[in-house]
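K.L.:
In the order they appear, the protein sequences are chains A and B.
Quick note on numbering: this note's numbering labels position 30 of the first sequence as 30, and the sequence is numbered without any gaps.
To convert a position in the second sequence, counted from 1, into this note's numbering, add 114.
Source of the hints: derived by calculation from the structure; they are not laboratory data.
All of these numbers come straight from a predicted model, not from anything done at the bench.
In this text, a Cβ means the ideal position worked out from N, Cα and C, and glycines have one as well.
There's no promise every hint is true.
Claimed, not checked - The following residues of chain A were derived to be distant from chain B, with all beta-carbon distances above 12 Å: (1) N1; (2) V12; (3) T15; (4) G40; (5) M41; (6) R44; (7) E59; (8) K71; (9) S75; (10) V88; (11) Q103; (12) R110.
Unchecked claim - Some, not all, of what chain A presents toward chain B, calculated at C-beta under 10 Å: (13) Y35; (14) D56; (15) Y64; (16) N65; (17) Y104; (18) F105; (19) P107; (20) L111.
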Amino acid sequence: NAGVTQTPKFQVLKTGQSMTLQCAQDMNHNSMYWYRQDPGMGLRLIYYSASEGTTDKGEVPNGYNVSRLNKREFSLRLESAAPSQTSVYFCASSEPPHSRGEQYFGPGTRLTVT
Amino acid sequence: GIQVEQSPPDLILQEGANSTLRCNFSDSVNNLQWFHQNPWGQLINLFYIPSGTKQNGRLSATTVATERYSLLYISSSQTTDSGVYFCAPGNQGGKLIFGQGTELSVKP
């Protein structure tokens, strides 16, 4: 099992460009999450999906959109990147029953917006 | 939402020493995890421990949910233990709230 995978690992964007971060899990988890980590800080929740077909905002959703494509995949889109979105982005999934299970994290995507 | 406070913020140990990291949280929780973020940025699950005590090798953790704190014990520390340790409690739909972390440096 690969666990949680993320692509790309690194990305540099110019202000105003768009991109989609991809996340997939092979653990048959119901719930998936996107977090961002800024230097010297803990992770903050951007969006989450409790189950296939549902998505909800987290603590810092502005400037992002998400799509739960199917049970395995959860993507994060930046429509018009801003320097404030320079961060490391982590995807996670949790085992059933959703909402109380242990979360497993992907390796992260390091994004720089210039 | 839940407020999370981790202490100490930084810790330097000599290899072989023991340490205790503390996590205080402001509300009742039904989820709590401890993570180790290694120097390459990878987040490694240490414990899923909303209550009680667990042990895994040189590491153990205790959560006293009624008193709203959790402790992570590291015994006989090794240089590979270096990195940042995060506590992340949660009480709403699986969402975790991360503390600021404790940065541990273990010297040979």
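K.L.:
Decide, hint by hint, whether the structure agrees.
P.N.:
Outcome of the hint check:
1. N1: Its Cβ never comes within 12 Å of chain B, the nearest being 14 Å, so this holds.
2. V12: With a cut-off of 12 Å, A:V12 remains clear of chain B, as the shortest Cβ separation is near 17 Å.
3. T15: For A:T15, whose nearest Cβ neighbour in chain B is about 24 Å away, the distance exceeds 12 Å, so it holds.
4. G40: With a cut-off of 12 Å, A:G40 comes too close to chain B, as the shortest Cβ separation is near 8 Å.
5. M41: violated, 6 Å
6. R44: Given that some Cβ of chain B is not farther than 12 Å from that of A:R44, nearest at about 7 Å, it is violated.
7. E59: At about 8 Å from chain B, A:E59 fails to clear the 12 Å cut-off, so the statement is violated.
8. K71: holds, 16 Å
9. S75: Per Cβ check, A:S75 is outside 12 Å of chain B; nearest 19 Å; holds.
10. V88: violated, 7 Å
11. Q103: violated, 6 Å
12. R110: Label violated. Min Cβ-Cβ 8 Å, cutoff 12 Å.
13. Y35: Result: holds, 8 Å to nearest chain B Cβ.
14. D56: Holds - the Cβ of A:D56 comes within 10 Å of chain B, reaching about 8 Å at its closest.
15. Y64: Where the cut-off is 10 Å and the nearest Cβ of chain B is about 16 Å from A:Y64, the hint is violated.
16. N65: violated, 18 Å
17. Y104: holds, 6 Å
18. F105: Holds. Min distance 4 Å.
19. P107: holds, 6 Å
20. L111: violated, 13 Å
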